[in-house]
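Line by line, the protein sequences give chains V and B.
If you count the first sequence from 1, position 303 lands on 303 in my numbering, and the numbers rise without skipping.
If you count the second sequence from 1, position 110 lands on 110 in my numbering, and the numbers rise without skipping.
By construction, these hints were calculated from the structure, which means they are not laboratory data.
Here a beta-carbon is modelled for each residue, glycine too, at the ideal position from N, C-alpha and C.
No incorrect hints appear here.
Here are the simulated distance ranges between beta carbons:
no.	chain 1	residue 1	chain 2	residue 2	range
1	B	Gly116	V	Trp417	46 to 54 Å
2	V	Met641	B	Gly133	31 to 39 Å
3	V	Phe43	B	Lys78	56 to 64 Å
4	V	Ile373	B	Leu134	19 to 27 Å
Mimicking PhoX-like on lysine-lysine, the simulated pairs with C-alpha atoms at most 20 Å apart in a straight line are:
no.	chain 1	residue 1	chain 2	residue 2
5	V	Lys335	B	Lys138
6	B	Lys114	V	Lys381
7	V	Lys528	B	Lys78
8	V	Lys381	B	Lys103
9	B	Lys98	B	Lys114
10	V	Lys539	V	Lys568
11	V	Lys472	V	Lys426
12	V	Lys266	V	Lys208
13	V	Lys335	V	Lys267
14	V	Lys381	B	Lys98
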Amino acid sequence: MNEIGEFALMIALATSLYGCVTYVMAARGNRVDLYLSAEKIPFILAACVIVASAALLRGLLMDDFSLQYVWAYSNRDLDTFYKISSFWGGQKGSLLFWTLLLTCYTLVVHIQNRKRNAMVVPYAMVVLMTITTFFLVLLNFSTNPFEVIPVPPEDGRGLNPLLQNYWMVIHPPTLYLGYVGFTVPFAFAMAALICKNLDDSWIRLTRKWTLVSWFFLCMGNLFGAQWAYLELGWGGYWAWDPVENAAFMPLLVATAYLHSVMIQEKKDMMKVWNMSLVLLTFVMTIFGTFITRSGLIQSVHTFDEATLGYYFLAFLGVIIVICVGLILTRLPLLKSKNELDSFLSRESSFLFNNLLLLGIGFATFWGTIFPIISEAVRGVKITVGPPFYNQVNVPIGLALLALIGIGPIIAWRKATWSNLKKNFIKPVSAGLLAAGVLFPFLPLGNRSEIYSYITFVLCVFVMTTILIEFFKGTVARKNLHDEKLVEALGSLVWRSKSRYGGYIVHIGVVLIFAGIAGSQSYGAHTEKRMKIGESVVVKDFTFTYERLGFIEENATKTRAIAQVGVYKDGKRVWTGQPEKEFYKGQNQPVSEVDVLSTWQQDLYLILADFTEDEAATIKVYVNPMVSWIWMGGWVIAFGTMVSVWPDRLEKRRRLERMKIQSAVFSPAQE
Amino acid sequence: MVTKKIEFMQVQVPRASFAWKGFCNGMLVLLFVFLSILPASTAHSSALLADLENALMCTCDDKCGKVLGNCTCDSSDKIRMGFAAQLESGLTVQQIIKEQVAKYGETVLSSPTKTGFNITAWATPFVALVVGGLGIRKIVQTWAGKKQGVETSGDEKSAGEPTVPTKYSSKLQDELDKLDS
Numbered sequence: 001m002n003e004i005g006e007f008a009l010m011i012a013l014a015t016s017l018y019g020c021v022t023y024v025m026a027a028r029g030n031r032v033d034l035y036l037s038a039e040k041i042p043f044i045l046a047a048c049v050i051v052a053s054a055a056l057l058r059g060l061l062m063d064d065f066s067l068q069y070v071w072a073y074s075n076r077d078l079d080t081f082y083k084i085s086s087f088w089g090g091q092k093g094s095l096l097f098w099t100l101l102l103t104c105y106t107l108v109v110h111i112q113n114r115k116r117n118a119m120v121v122p123y124a125m126v127v128l129m130t131i132t133t134f135f136l137v138l139l140n141f142s143t144n145p146f147e148v149i150p151v152p153p154e155d156g157r158g159l160n161p162l163l164q165n166y167w168m169v170i171h172p173p174t175l176y177l178g179y180v181g182f183t184v185p186f187a188f189a190m191a192a193l194i195c196k197n198l199d200d201s202w203i204r205l206t207r208k209w210t211l212v213s214w215f216f217l218c219m220g221n222l223f224g225a226q227w228a229y230l231e232l233g234w235g236g237y238w239a240w241d242p243v244e245n246a247a248f249m250p251l252l253v254a255t256a257y258l259h260s261v262m263i264q265e266k267k268d269m270m271k272v273w274n275m276s277l278v279l280l281t282f283v284m285t286i287f288g289t290f291i292t293r294s295g296l297i298q299s300v301h302t303f304d305e306a307t308l309g310y311y312f313l314a315f316l317g318v319i320i321v322i323c324v325g326l327i328l329t330r331l332p333l334l335k336s337k338n339e340l341d342s343f344l345s346r347e348s349s350f351l352f353n354n355l356l357l358l359g360i361g362f363a364t365f366w367g368t369i370f371p372i373i374s375e376a377v378r379g380v381k382i383t384v385g386p387p388f389y390n391q392v393n394v395p396i397g398l399a400l401l402a403l404i405g406i407g408p409i410i411a412w413r414k415a416t417w418s419n420l421k422k423n424f425i426k427p428v429s430a431g432l433l434a435a436g437v438l439f440p441f442l443p444l445g446n447r448s449e450i451y452s453y454i455t456f457v458l459c460v461f462v463m464t465t466i467l468i469e470f471f472k473g474t475v476a477r478k479n480l481h482d483e484k485l486v487e488a489l490g491s492l493v494w495r496s497k498s499r500y501g502g503y504i505v506h507i508g509v510v511l512i513f514a515g516i517a518g519s520q521s522y523g524a525h526t527e528k529r530m531k532i533g534e535s536v537v538v539k540d541f542t543f544t545y546e547r548l549g550f551i552e553e554n555a556t557k558t559r560a561i562a563q564v565g566v567y568k569d570g571k572r573v574w575t576g577q578p579e580k581e582f583y584k585g586q587n588q589p590v591s592e593v594d595v596l597s598t599w600q601q602d603l604y605l606i607l608a609d610f611t612e613d614e615a616a617t618i619k620v621y622v623n624p625m626v627s628w629i630w631m632g633g634w635v636i637a638f639g640t641m642v643s644v645w646p647d648r649l650e651k652r653r654r655l656e657r658m659k660i661q662s663a664v665f666s667p668a669q670e
Numbered sequence: 001m002v003t004k005k006i007e008f009m010q011v012q013v014p015r016a017s018f019a020w021k022g023f024c025n026g027m028l029v030l031l032f033v034f035l036s037i038l039p040a041s042t043a044h045s046s047a048l049l050a051d052l053e054n055a056l057m058c059t060c061d062d063k064c065g066k067v068l069g070n071c072t073c074d075s076s077d078k079i080r081m082g083f084a085a086q087l088e089s090g091l092t093v094q095q096i097i098k099e100q101v102a103k104y105g106e107t108v109l110s111s112p113t114k115t116g117f118n119i120t121a122w123a124t125p126f127v128a129l130v131v132g133g134l135g136i137r138k139i140v141q142t143w144a145g146k147k148q149g150v151e152t153s154g155d156e157k158s159a160g161e162p163t164v165p166t167k168y169s170s171k172l173q174d175e176l177d178k179l180d181s
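Please model the complete structure; the sequences and the hints are all you need to start from.
Have a look at this one:
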């Protein structure tokens, strides 16, 4: 089976090379025979990579330690669940997984566009095939997952214990679905540039791909944060690690693109800008891969065998040169009218939204690469850690939060002062009221607390603007169509899914901001070495260390479990059981935290250490509002689902709207 | 015959006075200055160790690359205990940081210092943001100016056409706003 996998990868490489040539020749020469030949390529390519993936998965599930990859990332005692996740746990497997997703996406693109968009699609397929070829070259010649150990060992080394967490099973695939997903809009943008078909058809073709990829990237980041929170055992969820940054940057650029593209759709403006953003998003995904696989920047996430840096750097360089070259040569064709009615308009607010998103993206990029710059300039490698990102990004983030509230209530084209006054009076009043109400209750002793206070006030302001939008729309619909309130709300959202889906996403973002503010400033933690029966008090809770137990789970894993009773006002509210897990052959034991999560706060327990006399060091964190962050993630998921939900009547409604608009805006007839 | 162009030309947008704009800008600058000079945390004794944990990287043998406050390896606990003892002995946070830098070099700091070349680390994002902001402002003004120019010439052409009184055009503007939002 391993030989079949290896052979399948070789066939896949040959097929993708053939695909590149065929699609180019078919498109340039307009040859029907080559089109027909190319028709089968995405199927063969996907089939080959699926076979190779199945072969590797079989090796993992069947404990085939003759495969070096299986030996390095699995062992006999590993749960089946984690054996599957070992597939993407190491560098070679993760590259195969990336290729698998890419070929499947390519196949979907091919099926979606079989009988349409004949001008752009062949070039998009060329781009997709070229990227696939790059990955297949790596898999065949540099990081072959089917490398064999001549004398197979009895057992494997096992998966890194830190990766043995259910969030780690979900987080990488989700992130990869987003990363790889952005290849599709990139391919169509490149195709539009190549074939000079630069109207907004490529945007319409890739709208859902962009949204879905954005969604996966967003959820991937959140799942990663959740993994860090539950598995790394330091009480936090985001450490501004270079690899976290690498996943965060494309999300920011893609968010900027999702907003600015609306201006192009509405006003046929900013073609160069949108093209640049979509290309930059893809460049950032490859930059992230470069960071993870180069070993150039130290990170907890980098792969053990981080040796692929130069390949990705070269690939990145080629992509950037081609993108810049294409944009420059097509500049005259990308010219648009670029007219705005007023500085005070939603268009302007979108431009500033782009500025802030890219500002955070740039600050993150700058912080990530600054150690390299410093080493090159001064010969001193310095560290750029959380304090830098918090000081630079938080003020920009707050301005962005404010814009989330301002944007939807500024009119398109031109806002008048009276219109602004009317739309802003309620949200601003709500914000000011919140500022007044919160002032006596929230401490304002340091920068973090002041930022959190401002965040809460802005959250109230933004939520008010969004709720007013929903309320106004619902009431108008209720009156117009004589519907019940809930029915009116439902049909309002259903009939304008992308708009109200977007608002729901904004609600999710507000929840995330509030959660971050609450957890960063008002938490408390302590660490205490305790004997059985001793207690520690944190905030309103008393934590009593009750006993220590041991479980020998299997030949490679032993668990030490502490039992901690948690009391509030003398009443037992929870029994926490933080663990320390010891893996055979691993130097460091792994902490398994125990968390009681409520909407108000998380009670977070870590068993840091213990001795033979059963005394244990317990770390206790009371982290307020962390669950708001995860809740925000699910709200974003729901909002995105609403936005992309297929609707066969949508096209008809859009045409109707356009008709109405053109009737309103065209010179009125007598 | 009524045209949209004429209506928009007649909507008088009151401009905020220069003094008011200056006041707003001044307040914003003051807010940023105020926030940046505030201490990162209060100097309570319990917070001093947290300050150290945030300011320094973990120096364990594994080279985990984490900020001490985020690190969970065994060595990090010993390092923390060492710092707690140093603080109790009367050393200040700055003295301990200085000592650590002398021992491990600048890389032990969790963020660049605000001196020399490292200033570029802190300043560049904000400079980029300000330049970007000014650029957008200029672009938007140019684009808005272009539109105004088009409207003015359109207005000249249709000089003979009847105009709509301001109160009606304001009303129409409101209706259009509603349609937009």
